[in-house]
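Peer 1: So the protein sequences, as listed, match chains A and B. Under our numbering, the first residue of the first sequence carries the number 1, and numbering increases by one thereafter. Under our numbering, the first residue of the second sequence carries the number 1, and numbering increases by one thereafter.
Note that these hints are calculated values from the structure, not bench results. Hints are supplied without guarantee of correctness; some may be wrong.
As the list claims (entries may be wrong) - With a cut-off of at most 20 Å between alpha-carbon atoms, the simulated EDC-like pairs for lysine to aspartate or glutamate come out as follows:
1) Lys27(A) <-> Glu93(A)
2) Lys2(B) <-> Asp58(A)
3) Lys27(A) <-> Asp35(B)
4) Lys27(A) <-> Asp49(A)
5) Lys27(A) <-> Asp54(A)
6) Lys46(A) <-> Asp58(A)
7) Lys133(B) <-> Asp49(A)
8) Lys105(A) <-> Glu93(A)
9) Lys105(A) <-> Glu116(A)
10) Lys27(A) <-> Asp58(A)
11) Lys58(B) <-> Asp68(B)
12) Lys105(A) <-> Asp68(B)
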Amino acid sequence: MLQETWPWYISGPAIALIMATLILLGKRFGMSSNLDTLCSLGGAGKWVDHFKRDTAPDRWNLLVVLGSVIGGFVAARWLAPNPAVDLAPDTVESLRELGFQSAGKAYLPTELYGLEALGDPVVWALLLLGGFLVGFGARYAGGCTSGHAISGLSNLQLPSLIAVIGFFIGGLIMVHLLFPLIFPL
Amino acid sequence: MKNLLYTIMGGLLGVVLYKSEAASWFRIYEMFRFDAFHMYGIIGSALGLGIILVQAIKSSRTKSIFGDTIILSTHKMSFSRYMLGGILFGLGWALAGACPGPIYILIGAGHGSMLVVLLGALLGAFAYGAFRKRLPH
Numbered sequence: 001m002l003q004e005t006w007p008w009y010i011s012g013p014a015i016a017l018i019m020a021t022l023i024l025l026g027k028r029f030g031m032s033s034n035l036d037t038l039c040s041l042g043g044a045g046k047w048v049d050h051f052k053r054d055t056a057p058d059r060w061n062l063l064v065v066l067g068s069v070i071g072g073f074v075a076a077r078w079l080a081p082n083p084a085v086d087l088a089p090d091t092v093e094s095l096r097e098l099g100f101q102s103a104g105k106a107y108l109p110t111e112l113y114g115l116e117a118l119g120d121p122v123v124w125a126l127l128l129l130g131g132f133l134v135g136f137g138a139r140y141a142g143g144c145t146s147g148h149a150i151s152g153l154s155n156l157q158l159p160s161l162i163a164v165i166g167f168f169i170g171g172l173i174m175v176h177l178l179f180p181l182i183f184p185l
Numbered sequence: 001m002k003n004l005l006y007t008i009m010g011g012l013l014g015v016v017l018y019k020s021e022a023a024s025w026f027r028i029y030e031m032f033r034f035d036a037f038h039m040y041g042i043i044g045s046a047l048g049l050g051i052i053l054v055q056a057i058k059s060s061r062t063k064s065i066f067g068d069t070i071i072l073s074t075h076k077m078s079f080s081r082y083m084l085g086g087i088l089f090g091l092g093w094a095l096a097g098a099c100p101g102p103i104y105i106l107i108g109a110g111h112g113s114m115l116v117v118l119l120g121a122l123l124g125a126f127a128y129g130a131f132r133k134r135l136p137h
């Protein structure tokens, strides 16, 4: 049971309980503000005043990050004998058309995330661009999936609803309009 | 003690997001194509229970387990900031197939290429810090 894909009705409530526990610990559930903390610790304050600040009050979020790295390791090492994602047949078909032969056979597409794929500079550019948009967009919007879609909406915040609508507009543009231009590589 | 609790919360999050496949690029793609209920079930049920728990914490004026008053973070109202930032984030979420939490989780799971995505995310956060005064908020 633990080794199979965890169903949504276990995973979703578990995420809500993790959020509530962090609130009861006096903190919040948000996984993108640590990017600012890491920039500050990395010396970004030398160039940009925004990062010139005392990071001590934010260090706790780096421990959540450390924990999630460990959690990913534990899950992949001991709880996932078969990490292939069982996708909807329509999804697999459309991915094959985009050149993703690994659809339905892996956890991440080997065409983008396999180490051999790093031989292609286009893959580097796409991974860097994807990460850049995630980091820039999350800080601009003041939160990501955890901070806005889960925490903010749980607290019935209108700004979070606007942000989540934005997340979906962006995601739909990427998948439906841009993917056919980018892939197959 | 506190530090251990934060780390454990991160650890549980890592296991749940990995095992639910919310950290899989494929699941994000499937979600944006509306081909399966899985991701909507995760977000929807997290939100359903989340609303109940947050409202209960607010109305009962519960203190944190360390005895402090709980202050829930709120955002100053604006449209352009959340919409524009949200759209940029969504473009990246679909392309990289990972939001910030899963980036760290997948690094732990041994996907070395995720370090390139993390580098991009740090550069993005840095760029926002550098240009924020010139962006509509």
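Peer 1: A separate judgement is required for each hint: does it hold in the structure or not?
Peer 2: Results of checking the hints against the structure:
no. : hint                    : result
1   : Lys27(A) <-> Glu93(A)   : 43 Å, violated
2   : Lys2(B) <-> Asp58(A)    : 13 Å, holds
3   : Lys27(A) <-> Asp35(B)   : 35 Å, violated
4   : Lys27(A) <-> Asp49(A)   : 25 Å, violated
5   : Lys27(A) <-> Asp54(A)   : 17 Å, holds
6   : Lys46(A) <-> Asp58(A)   : 19 Å, holds
7   : Lys133(B) <-> Asp49(A)  : 11 Å, holds
8   : Lys105(A) <-> Glu93(A)  : 13 Å, holds
9   : Lys105(A) <-> Glu116(A) : 17 Å, holds
10  : Lys27(A) <-> Asp58(A)   : 10 Å, holds
11  : Lys58(B) <-> Asp68(B)   : 14 Å, holds
12  : Lys105(A) <-> Asp68(B)  : 48 Å, violated
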